[in-house]
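Trainee: The lines below spell out each chain.
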Amino acid sequence: MIVRRLTRTALLVLAATVVVFAATEALPGDAASLREAGRASPEQVAQAREQLGLDQPVVVRYLRWLSGLLQGDLGSSLSSGRPVSDLLGQRLPATASLVAVALGTTALLTVAGLIVTQLRRGRGGMLAAGLAAVPQAVYAAALGALLSATLGWLPAVSLLPPGGNPWQDPRTLVLPALTLALPSAAYASTLLRGVLTDTLRRPHVVDAYRRGLPPMLVLLRHVRPFLVVPALQVLALTAGWLAAGTALVETVYGLPGLGGLLVSAVAVRDIPVVQGAALMPVVTVLLGMLLADLAAAAVHRTGRPATVRSARTVESSS
Amino acid sequence: MTRLRGNAVAPGVALAVFTLALLGRSLAPNDPEQPVAVPWSAPSTQLPFGADALGRDVLSRVLAGGANLLGVALTAAAAALLIGVALGLAAGWWPARAGRAVRWLGDLLLAMPALVLALVLAVALPGAAAVVVAAVLSGAPLTARVVAAQCATVRDSGYLHAAVERGEHGAVVLIRELLPALRGLVAADVGLRLITALQLATTLAVLGFGPQPPDPDWALMLSENLPGAALNPTALLAPAVPLALCALLCAATARTATREREGVW
Numbered sequence: 011m012i013v014r015r016l017t018r019t020a021l022l023v024l025a026a027t028v029v030v031f032a033a034t035e036a037l038p039g040d041a042a043s044l045r046e047a048g049r050a051s052p053e054q055v056a057q058a059r060e061q062l063g064l065d066q067p068v069v070v071r072y073l074r075w076l077s078g079l080l081q082g083d084l085g086s087s088l089s090s091g092r093p094v095s096d097l098l099g100q101r102l103p104a105t106a107s108l109v110a111v112a113l114g115t116t117a118l119l120t121v122a123g124l125i126v127t128q129l130r131r132g133r134g135g136m137l138a139a140g141l142a143a144v145p146q147a148v149y150a151a152a153l154g155a156l157l158s159a160t161l162g163w164l165p166a167v168s169l170l171p172p173g174g175n176p177w178q179d180p181r182t183l184v185l186p187a188l189t190l191a192l193p194s195a196a197y198a199s200t201l202l203r204g205v206l207t208d209t210l211r212r213p214h215v216v217d218a219y220r221r222g223l224p225p226m227l228v229l230l231r232h233v234r235p236f237l238v239v240p241a242l243q244v245l246a247l248t249a250g251w252l253a254a255g256t257a258l259v260e261t262v263y264g265l266p267g268l269g270g271l272l273v274s275a276v277a278v279r280d281i282p283v284v285q286g287a288a289l290m291p292v293v294t295v296l297l298g299m300l301l302a303d304l305a306a307a308a309v310h311r312t313g314r315p316a317t318v319r320s321a322r323t324v325e326s327s328s
Numbered sequence: 007m008t009r010l011r012g013n014a015v016a017p018g019v020a021l022a023v024f025t026l027a028l029l030g031r032s033l034a035p036n037d038p039e040q041p042v043a044v045p046w047s048a049p050s051t052q053l054p055f056g057a058d059a060l061g062r063d064v065l066s067r068v069l070a071g072g073a074n075l076l077g078v079a080l081t082a083a084a085a086a087l088l089i090g091v092a093l094g095l096a097a098g099w100w101p102a103r104a105g106r107a108v109r110w111l112g113d114l115l116l117a118m119p120a121l122v123l124a125l126v127l128a129v130a131l132p133g134a135a136a137v138v139v140a141a142v143l144s145g146a147p148l149t150a151r152v153v154a155a156q157c158a159t160v161r162d163s164g165y166l167h168a169a170v171e172r173g174e175h176g177a178v179v180l181i182r183e184l185l186p187a188l189r190g191l192v193a194a195d196v197g198l199r200l201i202t203a204l205q206l207a208t209t210l211a212v213l214g215f216g217p218q219p220p221d222p223d224w225a226l227m228l229s230e231n232l233p234g235a236a237l238n239p240t241a242l243l244a245p246a247v248p249l250a251l252c253a254l255l256c257a258a259t260a261r262t263a264t265r266e267r268e269g270v271w
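One line per chain: the protein sequences are W and S, in this order.
First residue of the first sequence: 11, per the working numbering; consecutive thereafter.
First residue of the second sequence: 7, per the working numbering; consecutive thereafter.
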């Protein structure tokens, strides 16, 4: 079972490398012609192309890139000449901190939101769906205008140098993390509300409500166990979504992370950097899904009997 | 009757807002690209929304700034929907062959966040094209999955068997007999695909891969008018409100059509 999941994840990662490579290299306009555009003769472009190995067929270039990737060598940036792995490593801590803070906030907001809407008999589903639909840039603008420009509580942009530690001034993480967490919490709760509604229709939950147990107690004791596995899967999905969302947030708030790196690399068509920075969130999602699957398997083995047992004790005691 | 009316509100308002935004440029009182007042002028009777950093009329810019964004989003959503429905019909009708391929493709593309896909595509394609392709790649598998699942449930109905027995051509059966049964599902999906497309188009525009200044554009206006939020907050609210409204209306449309199908996003 575990072997099958691992193979599946490995195959999906492999497929993702094909997609990223194809999107950046197989489309018209290769690195050499883009880099030398307008300031080099055709001969020079041809020479640059040979230097970058672009005269080889696409499949050969892909295999060469893939074998480098497996050895941790992602090539060098076309604009700065630095190894891509160095650039990624330097910016990873800022993005990892941001995603971790945003993920924690998302989890808290989602749980709180689900409990509140459920205690109020499921109203607020429309609100969550609506909040999840609003583009992230609108959140960025609204939060920036309110917390930074009007109230002046938080800095509008972080002045962190690349490779800097965002925890030296945690206030710089607040706006980016909130901008990421608000819509993703709304999204996560729309995903989980369906599961919650189904669970609430289960006989033992209906019975618990009918016996007049306090709603909060029913939620915690009878409903929660059924939500653990879906919640883990949603969490994994959200982590990837947040990792992708850093592209906007880091650019808007000037945080030197992987998302900002991806955007600036796309702007100057620095293809090796684009490939490396784009693979990071994809691998995050796939690994997250794998972990969620494995955790779900573990919960199924150990968690279920406890649920049934606790339900039975309550029944016999009443 | 009330139910019918209630269900028509969100799509009706959505249609009105989209039409207004697409026609907005001709209603603009001033040239949206020329300065007409002091930078960051507060709202007045002449300029109901005040002016932006360069003293341009915010009202005119808002009226003119939705067409491109919504046009790209609508194109992207329509393309994703069409391709998704076609794939879904194929997968539902030939589950063994097409079904497996669609599932695999769906798994892969679900793991690639749409925004990353759009950014990677923006290396070689113009922003709008990148949005359309990314919306198709990330949205069509979702639509296909839902359509295929629904297909599987109606596959064995008598009227379909009858059509096949009559000797109708496969494509005719799919389009004339099967597709109408999926109408409600597709209506719900329109809203969801539009939401993704709108989010992608907005994000790419804010990141600078869409329209370029001085073009009026809601997404660009968000980043242009943020620095003056303390001086003229209306300049920021003016593009943010219609943008959020469009997203909310799409969500409401999807929800009205979805009713019970929560969680399919």
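Please keep in mind that the hints were generated in silico from the structure rather than gathered at the bench.
These figures come from a predicted structure and were not determined experimentally.
There could be a bad hint or two in this list.
Here are a few chain W residues that sit away from chain S, every Cβ distance over 10 Å (derived from the structure) [what the hints assert, rightly or not]: (1) I12; (2) A25; (3) P52; (4) G78; (5) D83; (6) G91; (7) D96; (8) V216.
Among the chain W residues that face chain S by a calculated CB cut under 8 Å, a handful are [said to hold, decoys possible]: (9) L79; (10) G82; (11) G85; (12) V144; (13) L153; (14) L157; (15) T160; (16) P165.
C-beta atoms are modelled at their ideal positions from N, C-alpha and C, and glycine is treated no differently.
Trainee: Each hint needs a verdict: does it hold in this structure or not?
Mentor: Here's how the hints hold up against the structure:
| no. | hint | result |
| --- | --- | --- |
| 1 | I12 | holds (18 Å) |
| 2 | A25 | violated (5 Å) |
| 3 | P52 | holds (20 Å) |
| 4 | G78 | holds (18 Å) |
| 5 | D83 | holds (20 Å) |
| 6 | G91 | holds (19 Å) |
| 7 | D96 | holds (21 Å) |
| 8 | V216 | holds (18 Å) |
| 9 | L79 | violated (15 Å) |
| 10 | G82 | violated (21 Å) |
| 11 | G85 | violated (15 Å) |
| 12 | V144 | holds (5 Å) |
| 13 | L153 | violated (10 Å) |
| 14 | L157 | violated (10 Å) |
| 15 | T160 | holds (6 Å) |
| 16 | P165 | violated (13 Å) |
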